[in-house]
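Undergrad: Just so you know, the sequences run in chain order R, D, B and C. Residue 1 is where the first sequence starts when you use our numbering, and the numbers rise one by one after that. Residue 1 is where the second sequence starts when you use our numbering, and the numbers rise one by one after that. Residue 1 is where the third sequence starts when you use our numbering, and the numbers rise one by one after that. Residue 1 is where the fourth sequence starts when you use our numbering, and the numbers rise one by one after that.
Errors might be hidden in some of the hints.
Said to hold, decoys possible - Residues on chain D that point at chain C, a partial pick, calculated with CB under 10 Å:
| hint | residue |
| --- | --- |
| 1 | K2 |
| 2 | R14 |
| 3 | F15 |
| 4 | D34 |
| 5 | V35 |
| 6 | A38 |
| 7 | E39 |
| 8 | F48 |
| 9 | F73 |
| 10 | D74 |
Rather than coming from a laboratory, the hints here were simulated on the basis of the structure. Remember, it's a predicted structure, so these values are computed and weren't measured experimentally. Just so it is clear, CB atoms sit at the ideal spot from N, CA and C, and this is done for glycine as well.
Protein chains: 4
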Amino acid sequence: MKNDFRFHHTLRVRFAETDKQGIVFNANYMLYCDVAQAEYFRAIGMKFQDLLQMGADTVLARITMDFKSTATFDDLLEIYGRVSKIGNTSFVMDFEIYPQDEDRLVSSANAVYVCVDPETLKALRVPDQLRLVMGRFEGKDFNAVS
Amino acid sequence: MKNDFRFHHTLRVRFAETDKQGIVFNANYMLYCDVAQAEYFRAIGMKFQDLLQMGADTVLARITMDFKSTATFDDLLEIYGRVSKIGNTSFVMDFEIYPQDEDRLVSSANAVYVCVDPETLKALRVPDQLRLVMGRFEGKDFNAVS
Amino acid sequence: MKNDFRFHHTLRVRFAETDKQGIVFNANYMLYCDVAQAEYFRAIGMKFQDLLQMGADTVLARITMDFKSTATFDDLLEIYGRVSKIGNTSFVMDFEIYPQDEDRLVSSANAVYVCVDPETLKALRVPDQLRLVMGRFEGKDFNAVS
Amino acid sequence: MKNDFRFHHTLRVRFAETDKQGIVFNANYMLYCDVAQAEYFRAIGMKFQDLLQMGADTVLARITMDFKSTATFDDLLEIYGRVSKIGNTSFVMDFEIYPQDEDRLVSSANAVYVCVDPETLKALRVPDQLRLVMGRFEGKDFNAVS
Numbered sequence: 001m002k003n004d005f006r007f008h009h010t011l012r013v014r015f016a017e018t019d020k021q022g023i024v025f026n027a028n029y030m031l032y033c034d035v036a037q038a039e040y041f042r043a044i045g046m047k048f049q050d051l052l053q054m055g056a057d058t059v060l061a062r063i064t065m066d067f068k069s070t071a072t073f074d075d076l077l078e079i080y081g082r083v084s085k086i087g088n089t090s091f092v093m094d095f096e097i098y099p100q101d102e103d104r105l106v107s108s109a110n111a112v113y114v115c116v117d118p119e120t121l122k123a124l125r126v127p128d129q130l131r132l133v134m135g136r137f138e139g140k141d142f143n144a145v146s
Numbered sequence: 001m002k003n004d005f006r007f008h009h010t011l012r013v014r015f016a017e018t019d020k021q022g023i024v025f026n027a028n029y030m031l032y033c034d035v036a037q038a039e040y041f042r043a044i045g046m047k048f049q050d051l052l053q054m055g056a057d058t059v060l061a062r063i064t065m066d067f068k069s070t071a072t073f074d075d076l077l078e079i080y081g082r083v084s085k086i087g088n089t090s091f092v093m094d095f096e097i098y099p100q101d102e103d104r105l106v107s108s109a110n111a112v113y114v115c116v117d118p119e120t121l122k123a124l125r126v127p128d129q130l131r132l133v134m135g136r137f138e139g140k141d142f143n144a145v146s
Numbered sequence: 001m002k003n004d005f006r007f008h009h010t011l012r013v014r015f016a017e018t019d020k021q022g023i024v025f026n027a028n029y030m031l032y033c034d035v036a037q038a039e040y041f042r043a044i045g046m047k048f049q050d051l052l053q054m055g056a057d058t059v060l061a062r063i064t065m066d067f068k069s070t071a072t073f074d075d076l077l078e079i080y081g082r083v084s085k086i087g088n089t090s091f092v093m094d095f096e097i098y099p100q101d102e103d104r105l106v107s108s109a110n111a112v113y114v115c116v117d118p119e120t121l122k123a124l125r126v127p128d129q130l131r132l133v134m135g136r137f138e139g140k141d142f143n144a145v146s
Numbered sequence: 001m002k003n004d005f006r007f008h009h010t011l012r013v014r015f016a017e018t019d020k021q022g023i024v025f026n027a028n029y030m031l032y033c034d035v036a037q038a039e040y041f042r043a044i045g046m047k048f049q050d051l052l053q054m055g056a057d058t059v060l061a062r063i064t065m066d067f068k069s070t071a072t073f074d075d076l077l078e079i080y081g082r083v084s085k086i087g088n089t090s091f092v093m094d095f096e097i098y099p100q101d102e103d104r105l106v107s108s109a110n111a112v113y114v115c116v117d118p119e120t121l122k123a124l125r126v127p128d129q130l131r132l133v134m135g136r137f138e139g140k141d142f143n144a145v146s
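Chain R extracted, bound-state conformation:
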């Protein structure tokens, strides 16, 4: 449900993202979630550059995606995103993709990201500053978790 989200990013489907079936190729929805994750960080005031300055980067550890209906070239898609949980070294984001002005779910995703050292790619605790900013944006107390 769109109402469950405080953030969304809108993009238009590119011709190259469609396939022979005339619809968006499935792996592109995963790409869209990646784009939306970057925009989410910008929206909450914590761009990837800010994160790097805090000595952290994020890598995708696990994703589950459901494909419910189709989209095609030139469609405007809204990718809704939210942080639903923060663990010790990881945080979970939920995504739902809808065509603009429609309540028809195209795809949904549940993604687990791990905070890592940008050099060694080793897991590290989700920075307190990030917990704070995500919690403020989502209206939750993520420090209490974990």
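Dock chains D, B and C against chain R, hints included.
TA: Below, chains D, B and C without anything else, positioned relative to chain R:
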């Protein structure tokens, strides 16, 4: 475990498939599974053209992917694949991706495909001929399921 | 020169579009030109759907691209585009790509598109209505050409 | 003409590389040339890792591509490639793409690569060792040029 599979497809990582972190961009592993699915069908003697002639096509309905370690440009990757279950209108494939000559798991996936009418994209029962061929290849009786 | 163009489309570089060298992979600039072409048609009031209704589609016949400097993740790029010539069955577009707020040319392209029948993909004369609309937008008389 | 080349690389068109028109999206042919360039270097015994050890990398400076006919999912394509000229800091490669067992040209390309310092990306003279190896493979004396 590689030994759990009777099929694998080998491909070499393209430069364009790497990203700024110097490693394969995550959505490309989903693309690799799509390539391996097409090759699996060829391997069991049921090319996508044969499937279309039987009045069926397949669409991805759900996928769960785990990202365990990394790969980079020029690496040879082996994508292991098997059909683990056949339901009424869907079948499940498991994928595991390893660098050639290594036992280090890079990524694994569990994918649910639905058989559909190529025109209407409506779900239809997995053709008996496909159950038979998949069962013969995997050494299982998939007719008994569902 | 940006001033030579009446149209531009802005997009942000996606993480997946960078490569191991840390910069945008070259073929993605060709993709950006394709995106800009579709937006150009929208900007002049002739969406691809309108074109299809006139019984025409466009295919790329030839492209020359120069790569002058680099761009990377999160950069905002402006793709400037214009129709510079219309022949009998083809038209030429020039593209120049700059980072937003910079005069540093990243890439330029010269692309020849052919109007084709959407079904047979056979070349057909550029529709008069399209010549008119492009001419009006560019401030040129394209009917005189050819 | 295939006979003009001593090297080719074969690849199979992936489903994701097709578009809504049912054919390979044009920018993917540029990607195929990039794949073929890497394989060419391997074929002449000068892998990109060898090149890096010599303190050189290559970047694409200019490309002209012609699109002559179409290819689609599952097609086996042969990308023919050769070095046709070596300048001071650059070398030129020609590519021609054909479906396997057909003489129908799908696409051709003329690409100018510049040798650069891997760190600074500044142009540097094409290493003599590379001139030698390319000349030996192509049966030409590239040292004489420039």
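Undergrad: For this structure, which hints from the list above don't hold up?
TA: 1
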